[in-house]
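Residue numbers (my numbering), protein chains in the order written: chain X, 146 to 513; chain V, 959 to 1281.
If you're looking for bench data, these hints aren't it; they were derived computationally from the structure.
Backbone N, C-alpha and C define an ideal beta-carbon position, used for all residues, glycine too.
Watch out, some of these pointers could steer you wrong.
[Stated by the list, open to error] In silico lysine-lysine, DSSO-like type, Cα no more than 30 Å apart, as pairs:
1) X/LYS334 <-> X/LYS318
2) V/LYS1211 <-> V/LYS1279
3) V/LYS1209 <-> X/LYS397
4) V/LYS1209 <-> X/LYS285
[Stated by the list, open to error] Partner residues aside, some chain X positions facing chain V, computed with beta carbon under 10 Å:
5) VAL177
6) PHE263
7) ILE266
8) ALA277
9) VAL278
10) SER302
11) ARG324
12) LEU327
13) GLY329
14) ILE438
15) MET479
16) GLN484
17) VAL487
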Amino acid sequence: MSTASVQLPRWINYGAIPLINLVLAFVCSGLVVWAIGESPWEALQLLVAGALGRGEGIGFTLFYTTSFIFTGLSVAVAIHAGLFNIGSEGQAYLGGLGAALVALSLDRYVPWYVTMPFAIIGAALFGAACAAVPAWLQAKRGSHIVITTIMFNFITSSLMNYVLVHLLIVPGKMAPETRTFLPGGQLPKLDWLIAMFGGKLGAAPLNVSFLIALVMCFLVWVLIWRTKLGYEMRTLGISPSAAAYAGIPYAKIVMITMLISGGLAGMMALNPVMGASGRLQIEFVGGAGFVGIAVSLMGRNHPAGIVLSALLFGILYQGGAELSFDMPSITRDMIVVIQGLVILFAGALEYMLRPAIVRLYQQVAGGR
Amino acid sequence: MDYFDILISILGSAIRLSIPLLFTALAGLFSERAGIFDIGLEGKMLASAFAAACVAHLTADPWLGLSAGIAVSILVSLVHGFASITNRGNQIVSGVALNFVAAGLTVVLGQAWFGQGGRTPQVPAQGRFSPIILPGADEIRSVPFIGPLYANVISGNNILTYIAFLMVPLSWWVLYRTRFGLRLRAVGENPGAVDTAGVSVAWLRYRALIVTGFLAGFAGTYLAIAQSAAFISNMSAGKGYIALAALIFAKWKPVPVMFACLLFGFLDAFANFMQGKSVPLIGEVPVQIFQALPYILTCVLLAGFIGTARPPRAGGVPYTKER
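In isolation and in its complexed conformation, chain V is listed as follows (with noise of 0.2 Å):
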């Protein structure tokens, strides 16, 4: 196969590969902005998937599915914040335990409902997001380079995966330029500051996990009705955490996560291509350096060998109004 051609189906799965992360580091963004750290991540992309795999098999409506596993997100960040915000209880604590109770109760819900051992059963093909073929793909597919890369890579992706896109700049948007934003940015610099203006701190962070639910209820539909038919158990498989990864490799700004998330999703792609080829002069490279690669990148910049990661700076410690 010509090494283009490679290319170009190792972009096409990049692509793929790295929506989920791009669209649960951006819903990561939002609450660690506004000073909760969200190891839940994980578990809210669990729940999610899961709701939508029930309500697309049973509506046939990929869009209902969507809104389900949005609105399961979103009660699953609630929790959270009611653990962290309302309660004042360590955030990590509370995203370890949302993770366990994602973990387990869809398997526990999915067995009793459907006795498939956890798994729910195949959505049917006009439940699922399927993939679009922009104009003009099929005519300029013959144009050396530029054809396979439109038609392959840049068309055929399903609807989520140009909304992931389209996040990214409205995530910077609304960080950046508006007064939501300003405020969000504060109160996780520093909340005492918010407070003093006047603005509730509690509220404000509530509004934070709302979004960061709202987008990582995107990410688990698509796992579930995009990527593939149907919930299995534990189905993200640690892509919370890789999410999570990629946004402190973005050093928490919006646009540098979508590369660290386009990267990510590369090495990954990568590593499923090189399963079992060997390179000239090096032999058989082991896969698992390519799985291993996105946390010890992450390593390496946390040790502040490339820049400084320096994460907002209220993040973690609950805000308390008055002594």
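Bound conformation, chain X alone (with noise of 0.2 Å):
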């Protein structure tokens, strides 16, 4: 009997495996810092302490982990119903001119809590616009979605090269990047949650759309479990000629959800444009879309596993921060190594364990 077709307990398949993997991709990290000629030991202390040992080490990991949750959601969403958007990166960035173009626009009028609304609204607007070409091309057309969600990532960083370079520069300025927003058009940094446990935030840029993060995850769990229409993107995912055969409509479901997708990865903005620097500069997702690949796939596709696959990021791209200057010879580019490893063993090696835990547990449950 061949081993595929063996259930394994949640515990298994949801914990113990993506554990596994994880481990993994960290023990062949190791071996690269190791072969680097730096201690794998020291260098983890390094990263960990740096990530989560003092209040604005915390503050940064989880300013990271903000990002990281939006493009996760966006990436999980679309998964759910079979469809795989690597375009979270571009949508974000363009997500970011929606929630721009607002903060730039009300920022004198109104404080930040009226500007709030209207700028998720305007970056989950451009973040899904971004995404309705390719979802509309995968829907009527069926051009593939991977293929054209990544030409948008190049055709959005050469608009938005356009538009920062021609358009939104401040006149007399060098730097391709708009104005700084005013307090009205910024998010406030959240010092009282780290306060509240005794930290002090300090540069750290930590903003309530950290809080806006968490509430989209909930209603991600809600949409994708809890309605018809996420029962329809699920029934998509698993099998679409059943899909039709239920008569769900795969046209319209596809163009909802990538539009979704899009808005949740357009949303991630909020966070590095009005929340960190209060203004919109040039490539300032810089890669968060892709991480939102490995956040996804750690976190098999569940609000919550995204959550702490987030905060795992969160704390790698911190602590590497912190461990570079500490031990020079490693760059901070050791993150995208890692991160390119995660997802190699917990995306695409994910079955390589599997018919060997399966036989571990068939005989520590007394076979069958």
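Given two chains presented individually in distinct reference frames, assemble the corresponding complex, making use of the accompanying hints.
Next comes the structure, spelled out in structure tokens:
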């Protein structure tokens, strides 16, 4: 009997296997560190201390976590409907334009809590707009969504380059970025959250969008597992032919799913643009869209898992930055290696150990 | 400057810019026609560029550099195969992962070995592929039209450029005139039929990926030690994705791949030329339009407005022998 059809208990499928894959990815990363001539154990200690040691470190960690939750949710929503959205990066980038336009036009007149809802809508609309064309091409013309979303990452990048260099740049300045928003266009920092645990936020840009991200996690959970639309999306994801047989409209679900996915990616822009730098900068997404793929895979496309894996990558990003200060021979790009290995082991090689684990489980559980 | 001289200089630079695309797109052709999606072309290019630059720096021999580039690229390709053929993992996820690993590892290792912020040291002149002046180039330079075209566009390229154009008919011959090519195309359309005929699907796909790695190795080597003289972090700068776009734009066929790569190379060269220049009546055309044009064209093609682009039928689906 083939091992592929054996049912494993949930704690093995959703707990043990991802954990073992994660450990494998870290062992490989440790080998790289060891090959460079540094101690992997010491590097790990520095990394964890840098990410979680002080209030400021935690603030930075949660700041990165916020971005990764949004992009992770974006990828996950699409995956539930069987769509692989590689375009979160571009959708977040365009979302930044939506958020920035709202902030630039409202920050003079109203306080931040009035700007915020419009900024959320603006960011989501622009992000969704960026996903709309690939979605339409997939739904109506059958073009592969992976290819078109990759293409749109580059198209968006050129578009934003043009917008920032030619249209939104402050006259007389060299840097292609908008003016700094007034407080009415900025999201306040979460000093009190860190202070509650006796820490100090310092210069860390942890802001209100962290709370928005958590709300979105809950809403995505409701959408996927508690609504008719979510049920239809999951049906389409598991079996397109069953979905067609049940009368679920393919084109409509693909469009809606991708618009939601793009909207979630667009909202990621709130965090760096309105929460941290207070202005729209070139290339501000910085790969967070691609991290979303890893986050979603690690988190098994479930919002709770996404929060945990976003936290893991937040720790990696902040800890990795601190690590490169303390160990100059290890550059920040080590994070990219770890990220790649996590995607490789948790995503592409997820079935590698399954047959062995199934055999082990059958022996321990008495065998059948 | 005379319009003809401008055209010659743009054409020359278009050729130089399209060579890495051509190698990479042909590399992708073999894996995609065998039913393995390859988003990881970018990573192969980077990894092989790094390997070629390191070895060429140490040995001052471009051919050893090329061999290293090819070896590393094949290694990356085999990891992709291990994940997507042996373990039936998601091919796109595996490609994305390998792109990250290549982008990170080249800089981490480069910094650890050479300490120049991820760059490799300058490759000495004899360690690079330098331009070859074809016979008679200087003699007929003064002949109008044909002279400059021969001297500045056809002659004066390095050996890899000529190899790239040789690879086009060679790829066509392998894919359409050999038993291996026939089986390779069949395994991308209907692996079950190939399996029934008693040919191993996995081994065939692995061989396709080895060819992919081999060709992508040339592309990386070209970037590192023919076009420039060192490895710079992220020096492929999205060329792997443009090559993927070219491959789709050419509808997965070798000769159209060449024309698509030349077109995209020309757009790139034209964008460089147009930077800061203004066109009569329109004014300054933003260079970003030219940068985005390959991607826009590919999307338009995928939408089915310029003929139909039908990918290999079994692409992206891991093959399971029995349930």
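Evaluated hints:
As the CA atoms of X/LYS334 and X/LYS318 are separated by approximately 28 Å, the hinted pair is consistent with the 30 Å bound. About 28 Å separates the Cα atoms of V/LYS1211 and V/LYS1279, which keeps this hinted pair within 30 Å; it holds. Using a Cα cut-off of 30 Å, the hinted pair V/LYS1209 and X/LYS397 holds, with the two alpha carbons roughly 28 Å apart. Restraint check: the Cα-Cα separation between V/LYS1209 and X/LYS285 comes to about 20 Å, which is no more than 30 Å; the hinted pair holds.
A distance limit of 10 Å between C-beta atoms decides the matter here; for X/VAL177 the minimum to chain V is near 7 Å, and the interface restraint holds. Because the beta carbon of X/PHE263 sits about 28 Å from the nearest beta carbon in chain V, more than 10 Å, this interface hint is broken. Hint on X/ILE266 is violated. Least Cβ distance to chain V is approximately 27 Å, over the 10 Å limit. Evaluation of the X/ALA277 hint against chain V yields a violated restraint, the C-beta minimum of about 12 Å exceeding 10 Å.
Because the smallest distance between the Cβ of X/VAL278 and any Cβ of chain V comes to about 7 Å, under 10 Å, the interface hint for this residue holds. Taken as an interface hint, X/SER302 checks out: its beta carbon lies about 8 Å from the nearest beta carbon of chain V, inside 10 Å. Here the hint on X/ARG324 is broken, as its CB sits about 22 Å from the closest CB of chain V, past 10 Å. Evaluation of the X/LEU327 hint against chain V yields a violated restraint, the C-beta minimum of about 29 Å exceeding 10 Å.
Look at X/GLY329: its Cβ only gets to about 31 Å from chain V, farther than 10 Å, so that hint breaks. A distance limit of 10 Å between C-beta atoms decides the matter here; for X/ILE438 the minimum to chain V is near 6 Å, and the interface restraint holds. Interface restraint check for X/MET479: the shortest CB-CB distance to chain V comes to about 5 Å, inside 10 Å, so the restraint holds. Using the Cβ-Cβ criterion of 10 Å, the hint placing X/GLN484 at the interface with chain V is satisfied: the shortest such distance is roughly 5 Å.
A cut of 10 Å between beta carbons decides the hint on X/VAL487: the least distance to chain V is about 8 Å, and the hint holds.
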